[in-house]
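For chain A, the structure is supplied; the task is to place chain B on it using the hints.
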Amino acid sequence: MALYSEKVMDHFLHPRNVGVIEDADGVGEVGNAKCGDIMKIYLKIDNEIITDVKFETFGCGSAIASSSMATEMIKGKPVTEALELTNKAVAEALDGLPAHKMHCSVLAEEAIKNALEDYQNKKK
Amino acid sequence: MIYADNAATTKMSQAAIDKMVSLMNDTYGNPSSLYRFGQKAKEELELARETVASVIGAEPREILFTSGGSEADNQAIRSAALLGKAKGKTHIVSTKFEHHAVLHTLDKLEKEGFEITLLDVHEDGLVRPEEVAAAITDKTALVTIMYANNEIGTIQPIAEIGKICHEKGVLFHTDAVQAITHVPINVVEQNIDMLSASGHKFHGPKGTGFLYAKKGIKLSNLIEGGAQERGKRAGTENVPGIAAMAVALKEAAYKLDETAKYLIEKRDRLIAGLSEIEHSALNGDAVKRLPSNVNFCFEGIEGESLLLLLDEKGIAASSGSACTSGSLDPSHVLLAIGRVHDVAHGSLRLSLGEDVTDEDIDYMINAVKEVVTYLRSFSPIWRDLVAGKKQFIL
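Taken in sequence, the protein lines are chains A and B.
Its first residue numbered 91, the first sequence is counted upward by one per residue in the numbering used here.
Its first residue numbered 222, the second sequence is counted upward by one per residue in the numbering used here.
Just so you know, the hints here were simulated from the structure itself, not pulled from any lab data.
Even for Gly, the Cβ is constructed at its ideal location relative to N, Cα and C.
Fair warning: there could be bad hints in the mix.
Stated by the list, open to error - To list a few chain B residues with every Cβ distance to chain A over 10 Å, as calculated:
1. Ala307
2. Glu580
3. Glu591
To be verified - List time: in silico DSS-like cross-link candidates among lysine-lysine, alpha-carbon distance up to 27 Å:
4. Lys124(A) <-> Lys167(A)
5. Lys212(A) <-> Lys611(B)
6. Lys134(A) <-> Lys610(B)
7. Lys263(B) <-> Lys317(B)
8. Lys203(A) <-> Lys611(B)
9. Lys435(B) <-> Lys471(B)
10. Lys203(A) <-> Lys97(A)
11. Lys317(B) <-> Lys360(B)
12. Lys124(A) <-> Lys317(B)
13. Lys203(A) <-> Lys610(B)
14. Lys124(A) <-> Lys611(B)
15. Lys97(A) <-> Lys534(B)
16. Lys178(A) <-> Lys167(A)
17. Lys610(B) <-> Lys212(A)
18. Lys590(B) <-> Lys124(A)
19. Lys610(B) <-> Lys124(A)
Stated by the list, open to error - Chain B is faced by these chain A residues, among others (derived, beta-carbon under 7 Å):
20. Arg106
21. Glu112
22. Gly126
23. Ile128
24. Phe148
25. Gly149
26. Cys150
27. Gly151
28. Ile154
29. Val169
Isolated chain A (complex conformation):
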C-alpha cells in the first residue's frame, strides 16, 4: 500500500493555486517551523466572492496536498460558504489522510479561516 491516496499524490505533485497575491484582500498564516508545518493563504475577494486564492506551504506531502485541495474548494465560492469549510471535508476530498496526518487538513481549515478573518478585519 502506498503512503498516500492517489488524490493526495496528485495534489502534492501538481499543487493547484501555488503562489502569492501581492494585493490580497486577506492573508492568513498558521503553523510554525518548529513543528515542521507552515501554511499561508492569500485571498482576492470581490463582492463577497473569493475570486482568487493562492497558497504557500512549508511542510510534508499531505500539508501541501491539503493546501492545494482546500484552495480549490473555496475558489469562486462566497465568503459565507468558505467559512464553513471543515478539515474533515478537505481530508475526504483527498480520499482520506493517514491518522497522524489529519492535522495537515486542520491547518488548511485554520489558514483559510485566518485569511477570511483578516479580510473581515480589513473591511471594518
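Just chain B now, with coordinates in the frame of chain A:
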C-alpha cells in the same frame, strides 16, 4: 532506481542468498537433534560462528546469534546492568544520539533505579574520550557508545574509549550495526567487551544479527527456554539465516578497504555537489564519517516532501524530519548535534551502496538541487528568509 538508503537496509549478496537457499533445501535439520542430519545443521551453525568470530578478532564461543542489532543491544545492556547491580553499581554512561534500541533500554533501566548519563556529541557528532573518562564514577557499571551513528555516520574514537573503560575497570559495549564491514573492527585491539551487529546492514538477511561478549561476561537471557546458544538464547536457531549472514559478513569484510576507498570518493563528490546549494549544511564531521554516509540540512524546506519528490525521480532516500517519524519532533540525532527544529525538519540522508557510479552521484546532485529549489519556491519560510524578515540559520 538509485537505492541510496543502505543505512536502512541493504540488498542481499548473491552468495548469501545461495547459501540460505541451499541450507533451506538440503540442511533443514534441527541443530539440537542428535542424528547426522541434525548435526549437519549444527556444523553449519558452528562454522558460521567461527567465521563471524574471525572477522572481528574474537573467539567463536564469544559470539551469540540474535535476531538482529536491537536484540543484541537489549541483551548486552540488560546483562551489564544486572552484573553491575549485583556489585552495587547502578550508573551507565552513554550518548545522546544512540539508536533507540539503546536509548529506550536505558530509559527503562532509569525507571528501574539506574542513573543514566548521556554524553554530548558536539556539533561534529563526535564523542570526546576525556568526557567519557570524566563521566565514569565508582558506581559505573557500563559504558555503551555506538561505533558509528546511523543517521549522520560519524565514527567514534572507540579504541580510545575502550582503553579508558578498561583502565577504570568498566564494561564497554558498542553498537556497531552501522560500522561493521565499513570500518576495520578488532575487539581485542580496540578494547571492546561487547559488540552488537545486524546481518541485513551488510548484505545478509533480515532477522539475523549477533552479540559478541568477551568470555567471562555472564549474559542474561531475554528469551527463556531451551539450551540453544549456550543457554543464553532459547529457540531453534535460524540456521539458514545465520549461515547466510556469515557468508555476507566475510565477503564484505574481505573487500572493506577497496569498498571504503571507492565509496569515500563517491561520498565526497556528492558532498561537494550538495554543498553548492545555498543555505545548506553537512551534518556531522566531514572526515570521521562512514564512507557511505551523506547527511544534509536544507533551510526552508521540509524533509518528507523532499523524499517524496526524490522518489518520483527514482531516488530512494531517508530523512530525519518529524513527518517521516510519526511524531512532532525531528530526529534526536540532529537535535543532539545542535540543529534547531526549523532546520532539522529539512534533512536528507543518502547512504550509498557499493555499486553507485559517478553518473548516479551527479544525477542525485541535480535531482536534490531541483527539488530543493522547487520546494523553496513556495515555502513561506524561505520567502521570509530571502526578504530579510527572518535570519538565516545555515
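The hints, checked one at a time:
1. Ala307: holds (43 Å)
2. Glu580: holds (25 Å)
3. Glu591: holds (14 Å)
4. Lys124(A) <-> Lys167(A): With a Cα-Cα distance of about 33 Å, the restraint between Lys124(A) and Lys167(A) is violated, given a limit of 27 Å.
5. Lys212(A) <-> Lys611(B): holds (25 Å)
6. Lys134(A) <-> Lys610(B): Distance of about 24 Å is within 27 Å: holds.
7. Lys263(B) <-> Lys317(B): Violated: Lys263(B) and Lys317(B) sit about 41 Å apart, past 27 Å.
8. Lys203(A) <-> Lys611(B): holds (25 Å)
9. Lys435(B) <-> Lys471(B): Judged against 27 Å, a Cα distance of about 21 Å means the pair holds.
10. Lys203(A) <-> Lys97(A): Distance of about 24 Å is within 27 Å: holds.
11. Lys317(B) <-> Lys360(B): The hint holds at about 20 Å.
12. Lys124(A) <-> Lys317(B): Since the Cα atoms of Lys124(A) and Lys317(B) sit roughly 20 Å apart, the hinted pair holds (cutoff 27 Å).
13. Lys203(A) <-> Lys610(B): holds (24 Å)
14. Lys124(A) <-> Lys611(B): Status holds; Cα separation ~14 Å.
15. Lys97(A) <-> Lys534(B): Since the Cα atoms of Lys97(A) and Lys534(B) sit roughly 19 Å apart, the hinted pair holds (cutoff 27 Å).
16. Lys178(A) <-> Lys167(A): Distance ~18 Å between Lys178(A) and Lys167(A) Cα, so the pair holds.
17. Lys610(B) <-> Lys212(A): Distance ~23 Å between Lys610(B) and Lys212(A) Cα, so the pair holds.
18. Lys590(B) <-> Lys124(A): This hinted pair holds, its Cα atoms lying about 24 Å apart.
19. Lys610(B) <-> Lys124(A): Status holds; Cα separation ~17 Å.
20. Arg106: Not OK, violated: Arg106(A) not within 7 Å of chain B, min 12 Å.
21. Glu112: violated (12 Å)
22. Gly126: Given a least distance of 4 Å, the restraint on Gly126(A) holds.
23. Ile128: With Cβ-Cβ at 5 Å, under 7 Å, it holds.
24. Phe148: holds (4 Å)
25. Gly149: Cβ of Gly149(A) sits 5 Å from chain B, so the hint holds.
26. Cys150: holds (4 Å)
27. Gly151: Hint holds; Gly151(A) Cβ to chain B Cβ min 5 Å, cut 7 Å.
28. Ile154: holds (6 Å)
29. Val169: The hint is violated - Val169(A) has no Cβ within 7 Å of chain B, the shortest such distance being about 23 Å.
Comparing the model with each earlier hint shows violations of hints 4, 7, 20, 21 and 29; every other hint is respected.
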